[in-house]
Structure formats: structure tokens, C-alpha cells
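Colleague: Each chain, letter by letter, is given below.
There are 2 protein chains.
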Amino acid sequence: MLHRKVIMAIADGVGDRPHPLLDNKTPLEYARTPNLDRLASKGMTGMMNLISPGIPVGTDMGHLILFGYQPDQYPGRGPIEALGIGMDVQPGDIVLRCNFATVDENGIVLDRRAQRIREKTDEIAGAIHGMELEDGVEVHFKPATEHRAVLILRGNGLSDKVSDSDPKAPNDGKPYHQIEPLDGSAEAGHTASLLNRFLQKAHILLSSHPVNEQRIANGKLPANFILTRGAGQMAHLKPIVEDLNITGSCIAGESTVLGVAQLAGFKTLTDPAMTGNLDTDIALKARLAIQEIYEKDMVYVHLKAPDLMGHDNKPVEKAKAIELFDEMVGLIEQQLPDNVYLALAADHSTPCEVGEHTGDPVPVLIYGPSIRRDRILQYNELDCAHGGLGHLTGNEFVRTLHGLMGYVKKQGN
Amino acid sequence: MLHRKVIMAIADGVGDRPHPLLDNKTPLEYARTPNLDRLASKGMTGMMNLISPGIPVGTDMGHLILFGYQPDQYPGRGPIEALGIGMDVQPGDIVLRCNFATVDENGIVLDRRAQRIREKTDEIAGAIHGMELEDGVEVHFKPATEHRAVLILRGNGLSDKVSDSDPKAPNDGKPYHQIEPLDGSAEAGHTASLLNRFLQKAHILLSSHPVNEQRIANGKLPANFILTRGAGQMAHLKPIVEDLNITGSCIAGESTVLGVAQLAGFKTLTDPAMTGNLDTDIALKARLAIQEIYEKDMVYVHLKAPDLMGHDNKPVEKAKAIELFDEMVGLIEQQLPDNVYLALAADHSTPCEVGEHTGDPVPVLIYGPSIRRDRILQYNELDCAHGGLGHLTGNEFVRTLHGLMGYVKKQGN
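The listed protein sequences correspond, in order, to chains V and L.
Quick note on my numbering: the first sequence kicks off at 67 and runs consecutively.
Quick note on my numbering: the second sequence kicks off at 67 and runs consecutively.
Check each hint, because a few of them may be wrong.
Note that identical chains are pooled: a pair holds if it fits in a single copy or bridges any two copies.
[What the hints assert, rightly or not] Below, a list of computed lysine-lysine pairs in the DSSO-like style, where the Cα atoms sit at most 27 Å apart: (1) Lys286 - Lys240; (2) Lys108 - Lys91; (3) Lys286 - Lys227; (4) Lys108 - Lys227; (5) Lys186 - Lys304; (6) Lys108 - Lys186.
In case anyone wonders, no lab produced these hints; they're calculated from the structure.
Here the structure is a predicted model, which means the values were calculated and not measured.
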């Protein structure tokens, strides 16, 4: 079998709708994108529904599919976030998303986010990480962005069927919730009681923590409590790279994308210069993509900015973010080795007028050796709707790439 | 989330094939349809297979899908027909379709339809409705169009696994069938014996009914028997409006469509002027559609005539029926509020040359705010086959609309 390689450039949330501020064009139509359009004229295009027409997906689900998983293999946001911040997550681990929070002496939640604490959360987390719970259950705890953190319980006889301690409602003078088992199993009861003890022990540790004493001295609320939510279990997902017997790298600034890449068995490359915004270093991303494709079979390179501008209803800035994407793709194409396909994709649409992910399909493109060029000359939602790839699900698009690479098993004989 | 509304105009059975009487054009191509074509040029189009390519569907199944159900949720024709004529159908009810018929003193069926009786069937039905059966099983009975009626048995310990008393064959000198249980359950045996007793009691009641005595005096056959067929059980289907948390209305003349609308939780509006034929009052339909969309999230407005002309192999008249549809759609578009999508669809194809429903896909169209306009300029089977929506299943098309409305739940986070 002839084996080839793929670089997939992902413009997060790039799909949109015609907008009055852009002469009733979509940001992709409006933006100046000579590189994307040249690839369209040389490649084949189509439209992709990540799951099925009309169904919106989150960034985690969208990337899970782009990396080759089925939608029903979604392991929950907790495990993906844990992987994304570099935690070692193992099958069977119970993973919870957490907030640093402030409670008073009666357990009343004064602030669900401890005034959106950003400083020294690593020091506070350090006091909790490694805490001992009974039966040899290990506590792994790591801060994420701002007031967020991830808690992992590792041990035998645990369950993710437990309720949240986070009351979620705005600070309304009510206490945090006791954690309850969500089914009748001994494991759920055991895990709930372990977690309630964890909350108590963490509260005692944090109440006297030097960072918090300093915060109080400075007139700030102490981060003296850990609110937990969304317990999930790390699924026994086989890394895609093992499934296909390939190797891969992912270049991204966003922890969710990096988390999915870890799950899939991809090497992850990130850098503070990958800001996720309009000032992200696209030259660095393009350089790393080319560097990695010499070593690996698949390279994913991700740009977050279009999605952010969609969420903020900024169509002109979204067009600018797309011009960044165009530039990055152009840099990659200039150095693309002969045996490598260049694919363009997105994880979902984030139309500016909606400000949320929607189920509108996204344009996709494949360019590379011996490609069946179609009649489409521009990369956008309207032209690619008539493209030669037709309308594909996310799984079908990714399998098309794996097929072109020569790694899909023949059915029958 | 941004919420919008949808008016869906359904041209029953509109899909067709090129016909020699129409210069080898399809009725949709041949008809003068300035409104449909203007919408095509401003909107996005595609082709829809209600279930899957090649599979014909009935009007009930087609509309069940257009209202948002999955094909495997089909509850049977009986419950839909019962709902369509305004009966209160409850989960667990056993519903049978019936004919008023004529039998002689030996039970020989003289006429399966009692000479297609149309007059005073409500009086005859009144004698049967409310009949008492043992074990507190209630009898609900209501006439439908012409010689048709619906019987509902309501009570405990009933089953729909029973055979038909209707021999269905043309009047061939044979007696009506005894009703038999179709499985070995006690419920089926009990229901079969209840139904056989119902047939006897109804026969006695009807034989001496004044309407029948008058018919005999006038030289007509008496409607002295109830033939039953197609026992079905009302499924525990959740109304679509509850599932999505929306409201809706349906404007139609046909009881099957109204029945599906009831099932889906839609308000139904009908009028004797909605004849189902070429003389139907399209101005009334358009006016009601606009009136209802101010109150509701979704409005379906249905036109039966194209299907009838297809069944009758009348291509020229089918083109006329399509021009009526065009006129109705034009009236709706003139008053369409800004936040409303206008969708065009059909429940199936009824090609004139076949005279039956076929599995040929039907053209669909979506026009409205910020739509991704495609390159198609005419609404018909041949142009829309190249449309920007691609080829969709019925479920995908409807979910696309629910997605544009902002009511589809995000998968992942």
C-alpha cells in the first residue's frame, strides 16, 4: 500500500453566515484569502457536518471527531481538560472540574470563583496535590486557567456517579452542596463519602495557607474551598495512533485541543506565543507543522482566533483572523513535501450573529498528490457547498484522509 | 441562543419525473412558478429522501418525519387517523380503522362500503359510541370521511395483536372474518373475543337503526355492520413540541396530516374551504400561516392537490396544482416577518407515470435571515439536485431547521 501523510489546518469555529457588516458575505467570503482560494482551485472541497446536519458541537467534541473518534466515544470534558493541562490521566481515573472558591465558617458560598483568583493558584494547588485519602486513593490536583482546576481520584472501587458540590447558582447566600451518590452502587456511595472528606480536608488546609493569609491581609477573599462538578471517568479509549498504526503531532495553544490530541496519542507542541488570539505566532505554527511532518504521519495545526471573534460578534475581526489562517496555510503550502496532503477543516461554525456554536456545516478542502480536483475556486461556505467531496460527516471526512494516507483496512477481499 | 421561527409549506407528493405531455419536463419544471424560483435564487436548496434513497413512504410516515419524528417511531395509521378526526387518543388505546358495511342474515358481506355511504354516518355512529363491553372496556366510535370510521377500545388488559374482520377482497359472496388473536397472549385472546362481541352487538343495534330503515325504504343497502382492520396501539410518543420546548400550528385539510400534527403537539387549523383539491382556498391558508407564526415557533401549511393529480396520472393538472402552491407561497413570503425562515418541502414523490408514491427524492428549500444562499435559481427536482444543502434525509432536513431556529442541544462542551 502507498502511504502518504496529512497536515490538517483547523480554523476553530470558522463557519459563519452572511453578515450585513460584510456586504452580506460570510467572513470567509469577505476576507482576502489568496492561499485558501488557490488551494480550492487546485484541490477538492465539500461541506462537513461534524455529527449530523443541524447539531451543534463543542470544541472538545468537534476535535475528538477531527482526531478520528466516533461521537459516542466522547469521554466528557473533565478528562479532556485534565489531559490538556498536562495531567497524566489513566483509564479508570475519576476526573472532576473544580473552582477555587470562598466559603464562610458555615459553608455559605461567598464567591464561587474566589474573586476570579489568578495569582499563585499553583502554590495553593500544591497544598492539595498528593493528599492522602483512605484505601490508598490518590489525589491529583492541578490548577488550570484563572480560578479553575482539575481533581483526579485514582484508586480501586471508585465511581463517577456522584453529584456536584458546586451550587453553580450565583452567590445567593446558600451553602455548598454535600456530594451524594447518583446511583445505588457501593462504589458511588464510597466515592461520595471520600469526596466529602476531601472537601473538608482541603478547606482546613487552605484556610491557613500563606497565600490566603496574604489575600486576607490585602482585603481579598481567600481561596479557601474547592467546588467540584462534572465527575467523569476516563474512558478506555484506544489512542487513534495505535488504532491506525500511525504517528502524529498537534500544534495548538488551547488546552482543550491539546487534551484531545493527548487522548488520541499525538505528541503535543505548544508555546506561550500561541495566544489563541489575533496576536498568535502563525509563523511559529507553520514552521513547527513542517518540522513535525518530516517525523510523523499526521500533523494537526490549530488556530483559535476565528471562534473567539464569532463568540464576540465581531465579523470584521473574524475576517482578520481568517486572513491570519490564510497566511499560516500559505506558509505551510510553500514548504509542503510532495507526499503530504494539506487538509483544511473546522470543528464547528460560530456565526457572529449567533455568538454560539451552531449546527451549520463547515467547508473542508483536501489538496495534495494526485487529488481529484473539483470545479470550485474559492474556500468558503457557499462555494464549497457545491464541491466535489459532497456533504460529509466528520467521521467520513477524517476517514477519507486516513484512506488517502493508505491506513484504512479493506472490507471483504 | 438566538431563537428564530419557521413556516414550512408542504406540497404533498410534488416530486415527479419528466413527462412527455409536459415537453419532457417534470410538473415542477413545467409549471409557471415565479415565487418558488425567486425563493430558490435567494435561498438554499437540496434534495431530501424522507427515509433513504429509493424507499417510498406514505403520507402519514412522510409527515411524521417532517414534524420531527424518527421513522421507527411510526405509531400506525389507526392512531394517526383517530387524532386527525379529533378523537382523544390516549397511550395504551387500541385503535382500529373501520368501514360501515352491509352483510346479509348469514354474515355474507354484500358491500364492504355500504354503497360508499356518506349521509348520516354520525347518527349511526352515535348508536355505537359509548357501547358497554365487559370489564369496563370503553368503546369510542367516530365516523371519518365517507364510509370510514375509527373504533377505539380503552381499558386494561388489551392488545393490538388481533386480526381483521374486514375480508378486504371485493364483494365475493364470503362472510366477514372472525377476529383471531395474533399471538398467544391472554390479552390478545381477550381483545379478540371482546371485538367479536362488539361486532355482534353493533350489528344488532344497526339493523334496527332508523337511518338504515330509511335507506332500505329508499332501495339502498343498510349500513348494518362494522368491518374492522389494522388494529394498532397508540405509542407513548412524546410530542415534538415538548421535546424541543417550542410551540406550533398546522394548517391543513387532510385528516392524516392533522392527525400527525396532533401527535406532535401542534395546534391544528382546518376549514371546509380547504378541500384538498384544486379549488382549495390558498389565500385562507396563507393568511392563517402568517397569523399563526406571530403566536408560534413553527407553522406547517399543507397543500394536498399535487399528490391527487399524481395518483390520477394528470401531469397538466399537477402543474396547475403546483401553480396554486406557488401562489400560496408567494402570499406567505409577502408578509413573512424578519425572524422567520420559509421552508419548502414535500412528504414524498408521486410521479404521474407511476400513480403511486415512489422513493424518488423531493426538492427542498430554505429561505430566510442570513441564509447561506446557493447558486440554484429554480425550485425543481433537477436544479435542486445540485443545491447547497446537498442530499439530506428527512430527519436531517428537519434538524437543520430546528438548528437554524436555535433549539438543537449542543453535543460536548
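Colleague: For lysine 108 vs lysine 227, is the C-alpha pair at or below 27 Å within one copy, between two copies, both, or neither?
Modeller: neither (51 Å within a copy, 50 Å between copies)
Colleague: Treating 27 Å as the Cα threshold, decide for lysine 108 and lysine 186: within, between, both or neither.
Modeller: So lysine 108 and lysine 186 fail the 27 Å test inside a copy (51 Å) and across (56 Å) alike.
Colleague: With identical chains, the pair lysine 286 and lysine 240 could be close in the same copy or across copies; at 27 Å between alpha carbons, which is it: within, between, both, or neither?
Modeller: within (20 Å within a copy, 79 Å between copies)
Colleague: Please sort lysine 108 with lysine 91 into within, between, both or neither, judging by C-alpha distance up to 27 Å.
Modeller: both (23 Å within a copy, 13 Å between copies)
Colleague: Checking an output row: lysine 186 and lysine 304, CA cutoff 27 Å. Within, between, both or neither?
Modeller: Answer is neither; intra-copy 36 Å and inter-copy 51 Å both fail.
Colleague: Given identical chains, is lysine 286 near lysine 227, meaning Cα to Cα at most 27 Å, within a copy, between copies, both, or neither?
Modeller: Classified as neither; 35 Å inside a copy, 71 Å across copies.
Figure legend: structure checked against the earlier numbered hints; hints not met, in rising order: 3, 4, 5 and 6.
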